[in-house]
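Participant: Read off the chains here:
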Amino acid sequence: MSEENEVITGIDAPVALKYNFTAGAAAARFLTQVKKGVLTGQRCPKCSQVYVPPRGSCAACGVPTEEEVELSDKATVQSFTIVSIPIPNNPIQPPYVIANLVADGANISFIHLMSECVNEEVHIGQRVQAQWKPQEEWDYAMDNIRYFTPIDEPDVPVEKIGHVPVSGWEG
Amino acid sequence: MKDIAIVGYQQSDLVSDAGACNEVEMIIPVLGKLYEQVGITNAQDVDFVCSGSCDYLQGAAFAFVMGVDALGAVPPIKESHVEMDAAWALYESILKIRMGQAESALIYGFGKSSPGELPIVLSQQLDPYYLAPLWVDTVSLAAMQARMMLDQGLITEQDMAEVVARSRQNARRNPHAQLAGDVSADDVLAQETFVSPLRKADMCPVSDGASAVVIATVEKAREWGIPYAVISGIDHCIETHNLGMRDLTDSSSTRTAAKNAGMHNGAVDVAELYAPFSHQEIILTRALGLDSNTSINPSGGVLAGNPMMAAGLSRIGEVFNRIVSGEASRGIAHATSGPCLQHNLVTVLEKA
Numbered sequence: 386m387s388e389e390n391e392v393i394t395g396i397d398a399p400v401a402l403k404y405n406f407t408a409g410a411a412a413a414r415f416l417t418q419v420k421k422g423v424l425t426g427q428r429c430p431k432c433s434q435v436y437v438p439p440r441g442s443c444a445a446c447g448v449p450t451e452e453e454v455e456l457s458d459k460a461t462v463q464s465f466t467i468v469s470i471p472i473p474n475n476p477i478q479p480p481y482v483i484a485n486l487v488a489d490g491a492n493i494s495f496i497h498l499m500s501e502c503v504n505e506e507v508h509i510g511q512r513v514q515a516q517w518k519p520q521e522e523w524d525y526a527m528d529n530i531r532y533f534t535p536i537d538e539p540d541v542p543v544e545k546i547g548h549v550p551v552s553g554w555e556g
Numbered sequence: 005m006k007d008i009a010i011v012g013y014q015q016s017d018l019v020s021d022a023g024a025c026n027e028v029e030m031i032i033p034v035l036g037k038l039y040e041q042v043g044i045t046n047a048q049d050v051d052f053v054c055s056g057s058c059d060y061l062q063g064a065a066f067a068f069v070m071g072v073d074a075l076g077a078v079p080p081i082k083e084s085h086v087e088m089d090a091a092w093a094l095y096e097s098i099l100k101i102r103m104g105q106a107e108s109a110l111i112y113g114f115g116k117s118s119p120g121e122l123p124i125v126l127s128q129q130l131d132p133y134y135l136a137p138l139w140v141d142t143v144s145l146a147a148m149q150a151r152m153m154l155d156q157g158l159i160t161e162q163d164m165a166e167v168v169a170r171s172r173q174n175a176r177r178n179p180h181a182q183l184a185g186d187v188s189a190d191d192v193l194a195q196e197t198f199v200s201p202l203r204k205a206d207m208c209p210v211s212d213g214a215s216a217v218v219i220a221t222v223e224k225a226r227e228w229g230i231p232y233a234v235i236s237g238i239d240h241c242i243e244t245h246n247l248g249m250r251d252l253t254d255s256s257s258t259r260t261a262a263k264n265a266g267m268h269n270g271a272v273d274v275a276e277l278y279a280p281f282s283h284q285e286i287i288l289t290r291a292l293g294l295d296s297n298t299s300i301n302p303s304g305g306v307l308a309g310n311p312m313m314a315a316g317l318s319r320i321g322e323v324f325n326r327i328v329s330g331e332a333s334r335g336i337a338h339a340t341s342g343p344c345l346q347h348n349l350v351t352v353l354e355k356a
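Respectively, the protein sequence lines represent chains A and B. Positions 386 to 556 (the numbering used here) are the ones given, in order, by the first sequence. Positions 5 to 356 (the numbering used here) are the ones given, in order, by the second sequence.
Isolated chain B, as found in the complex:
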């Protein structure tokens, strides 16, 4: 089986409202920078393209098809799409390469959440018979999860505030971050609660943005002569739709995915975790068994900006950046989907 590597990553600035900008206009600048980074002209120069997006976000039917206008699809290209975070588009692309049907792939994700009411829109991903008709929003579900953890003594509000403070501090070095600043845990705790026990700072912001990655076989990456990071493992696991059947204070699916992806075969220098709420970063850190030897969310994570359908792919890109810069030699990226960390994907990246 051929080894596969990431050879390029770009993302847009994360903003609360991209304004009068359609999906193509959001994607094209990111792809342009990525082509330049990898040294290709357009999507014609890769064997496969896969995107991740969700039309419910901006409320435009078949917006994902419009996204193809950014690619240069004449003559026709091999193209696919997942109605999921683009981290899963990367997963599909890896399968495509492993099946021997491609040597390289372009993966992009985009989300324009500003036109809708994101927590309400996301309520429609719940079980359609019992939960979706109740319009239970994602923030309320996460708040119930945090409440469980606080009441069981698994975390304190101070622990949650420290996650936020570290995100804001780390994000000061992330030029694309939406929220960054010299914020302390005390500053966070001074905020009033929003959806109890969550404060606004405990929640990721609503963001518009896009990100993109190019992957290739290691052979191809060497042929292109550009820096790369090897994808040594990837796996994803999902938990039941029925929230009542899950242990919401743990993330067993993340733990299993990490094990299957081979995370424990070496040291983890850096971990980018898709934790849209502060307490979820603690759940993930514990499920993965990470300690102080691992730098967690050096980009600020998604508390610093959460472009839906792109943020999971961006976690992978952020780890790639740190490996090619020499800052880390091995790292993991986590992506999530569904309420309260229902569906989780773990990617292990290593220095070439």
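Chain A with its partners taken away, still in its complex shape:
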């Protein structure tokens, strides 16, 4: 093919935009507490559901959430997956467990890692607790918690996950 008829299939046009992004008022309060080693949720004034991490609104009711609720660092497994393939740029070596966890005192799950467990024995309803980094490493970040590990407490029945206060669920 002659040069003047060359088919152009792509050009390099790199885009780099700079932002000074803010997390939002609710997320900022949450991160401030996480830096102190505390998980904080927000309760909906209408349906009473507790969200963690909070976004400043109840997505179900569409109303602002202001009441802050301090949560335990114990949680219940609502769902999980075992990752067996390496994810590009992820420093964690597979196989590892990603879980949807409902913190005691909250109704809506958040996602974190599970470790120091037998992957094949992880199950829905299982009780877990946060393993925090050493306090001097705490920052405004969810990875102040390295991961969650199983604890010796009775499972929460599936239909009750997110519907009971749990801390010491007696089932």
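Honestly, the hints are just simulated from the structure, not real lab data. Backbone N, C-alpha and C fix where the C-beta goes; we use that ideal spot for every residue, glycine too. Do not rely on the hints blindly, as some may be mistaken.
Take a look, some chain B residues computed to stay more than 12 Å from chain A by CB distance [as the list claims (entries may be wrong)]:
1. Gln62
2. Lys82
3. Glu107
4. Val222
5. Ile242
Below, computed lysine-lysine pairings styled on DSS-like, alpha-carbon distance capped at 30 Å [what the hints assert, rightly or not]:
6. A:Lys403 <-> B:Lys204
7. B:Lys263 <-> B:Lys204
8. B:Lys355 <-> B:Lys37
9. B:Lys82 <-> A:Lys431
Following the hints, position chain B against chain A.
Facilitator: Below, chain B without anything else, positioned relative to chain A:
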């Protein structure tokens, strides 16, 4: 075909930096006031919701989805979004009602431009092969447009300064305005040029803010028993991406849209024009054939505050406010998108 009316409008204060406030936190107070105005509880009480926003502004992927957290979407609602000014979300909502799929709709727009460098961010809406890689910013393009007009003798710097002065003066009666004051054309002309021939005052400020509107069929509006203004026409037209092919001293797409929307079927008492730069208000006024019988930008327009993706919807809301207050019986609202007034929408509102 059922007539459609605007039944409520609210906007946030326009600020240069909303600080630690996410999209939901920006939208919720506006929606709360709007629900109260219209007498509804939340988005469950309308048949359709449509929003306008652009994730490039705050640099957060899928921020428009986060915005839905403000609505109360349980049980699920019918919801849509345009990556455009929410004036186009209103256009989509009108189509939805005209198709018979809804009797009412909530429309909201929000923009948090402060986290980024807005003129640079907007350069990425240009043609991706020739212009975007050059990072030509919106202020520079508008400055070239103003230069053309000055050199052709179509306007003077005095004309531009008078637009700014009138905006600042009018904005003193707008409690949400970001820039307002007792400013004269001489004060403006005393400023040094910023991007020649533009002075900073010739440019709209960078603003954070949100606005929202509820529309409904006239039947529904009567059932709700609240004041309303009828949308008698709406149309939008776009010009080519290639700036070199356009006559930048005119806005032919605005003229066509206004004609199609039926603007000329009656007197125009008030016009809210989305002119981010002073000379563009003159282009629009001339393209629309407006004269001294029309009050232009009584809110101060976007020179008084320009919340991207909400400001076009706000123009419609400002005309609505003046019609329901009895200040005007017929008016037009204009919204724009793209560089140098590329894409334009005209809405005609009338007293019920």
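Participant: With reference to the structure, classify each hint as holding or not holding.
Facilitator: Verification of the supplied hints:
no. : hint                  : verdict
1   : Gln62                 : 7 Å, violated
2   : Lys82                 : 15 Å, holds
3   : Glu107                : 20 Å, holds
4   : Val222                : 27 Å, holds
5   : Ile242                : 23 Å, holds
6   : A:Lys403 <-> B:Lys204 : 22 Å, holds
7   : B:Lys263 <-> B:Lys204 : 33 Å, violated
8   : B:Lys355 <-> B:Lys37  : 23 Å, holds
9   : B:Lys82 <-> A:Lys431  : 22 Å, holds
Checked against the numbered hints above, the structure breaks hints 1 and 7 and satisfies the rest.
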